[in-house]
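Taken in sequence, the protein lines are chains R and D.
Counting from 1, position 19 in the first sequence corresponds to residue 925 in this note's numbering; the numbering is continuous, with no gaps.
Counting from 1, position 66 in the second sequence corresponds to residue 69 in this note's numbering; the numbering is continuous, with no gaps.
Hints may contain errors.
[As the list claims (entries may be wrong)] Calculated lysine-lysine pairs in the BS3-like style (CA-CA distance at most 27 angstroms, straight line):
| no. | chain 1 | residue 1 | chain 2 | residue 2 |
| --- | --- | --- | --- | --- |
| 1 | R | 977 | R | 958 |
| 2 | D | 74 | R | 950 |
| 3 | R | 950 | D | 8 |
| 4 | R | 947 | D | 111 |
| 5 | R | 947 | D | 8 |
| 6 | R | 946 | D | 111 |
No wet-lab data here; the hints were simulated from the structure.
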Amino acid sequence: DTAVSQTPKYLVTQMGNDKSIKCEQNLGHDTMYWYKQDSKKFLKIMFSYNNKELIINETVPNRFSPKSPDKAHLNLHINSLELGDSAVYFCASSQVSQMNTGELFFGEGSRLTVL
Amino acid sequence: DQQVKQNSPSLSVQEGRISILNCDYTNSMFDYFLWYKKYPAEGPTFLISISSIKDKNEDGRFTVFLNKSAKHLSLHIVPSQPGDSAVYFCAASTGKLIFGQGTTLQVKP
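Just chain R, with the same shape it has in the complex (with noise of 0.2 angstroms):
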């Protein structure tokens, strides 16, 4: 009964491959979120959805393809993967209300490495 999941919890592939990981939670809220890791161990906001609509889209780049089917799962699709996208991406999610106070509920996170 695990509030926040994402699958893979690991994932290793070559430079130029396509990959998603997948994000779902199951407390109720309405906001999802991906936050990204890098090496210098910043956390990072790359996209958020309120009720499947998007409402925070940093300075990704476009190969990052967020999808949110519906309020309680939001996936991120990762296309022609480059040696920078190496990284521990975190899922989160709060209620709306939540936002603005920052209390978030994150996933455990998919380490990526690409080779």
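Position chain D relative to chain R; hints supplied.
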């Protein structure tokens, strides 16, 4: 350009003593500040927050202090316990959450 910075990558304290984790920010428009705690192979979990209109918030052993004039935030843990050993992220919000790079706290028995 990092708007939230944690300049100490690590901190080691003895069990029972006080742990003080620091955070600096540059954007005066932030309206909430938060601390998250992260264990290895887990996602960050919310610990404590403070509104920009306050200067202190306390929750059990955890107290967050906000100094707006210095644009400085700190987390005090008293007394520190071995189970507090984790990475602590400072974060600030203007509708989206911006994180620092984390400080690894080790509490020695």
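Given the hint that residue 74/D pairs with residue 950/R, test it: the Cα-Cα distance must not exceed 27 angstroms. holds, 20 angstroms
Would you mind confirming whether the straight-line C-alpha gap from residue 947/R to residue 111/D stays at or under 27 angstroms? Answer holds: residue 947/R to residue 111/D is near 24 angstroms, not above 27 angstroms.
Residue 947/R paired with residue 8/D [C-alpha distance capped at 27 angstroms]: Holds - the C-alpha atoms of residue 8/D and residue 947/R are around 11 angstroms apart, at most 27 angstroms.
Given the hinted pair residue 946/R and residue 111/D, is their Cα-Cα distance within 27 angstroms? Satisfied, since the Cα-Cα distance of roughly 26 angstroms is no more than 27 angstroms.
Decide if the proposed pair is consistent with the structure: residue 950/R and residue 8/D, CA atoms, cutoff 27 angstroms inclusive. holds, 13 angstroms
Does the alpha-carbon distance linking residue 977/R and residue 958/R stay inside the 27 angstroms limit? Between residue 977/R and residue 958/R the Cα gap is close to 5 angstroms, so the pair holds against 27 angstroms.
When the structure is compared with the earlier hints, no violation turns up for any of them.
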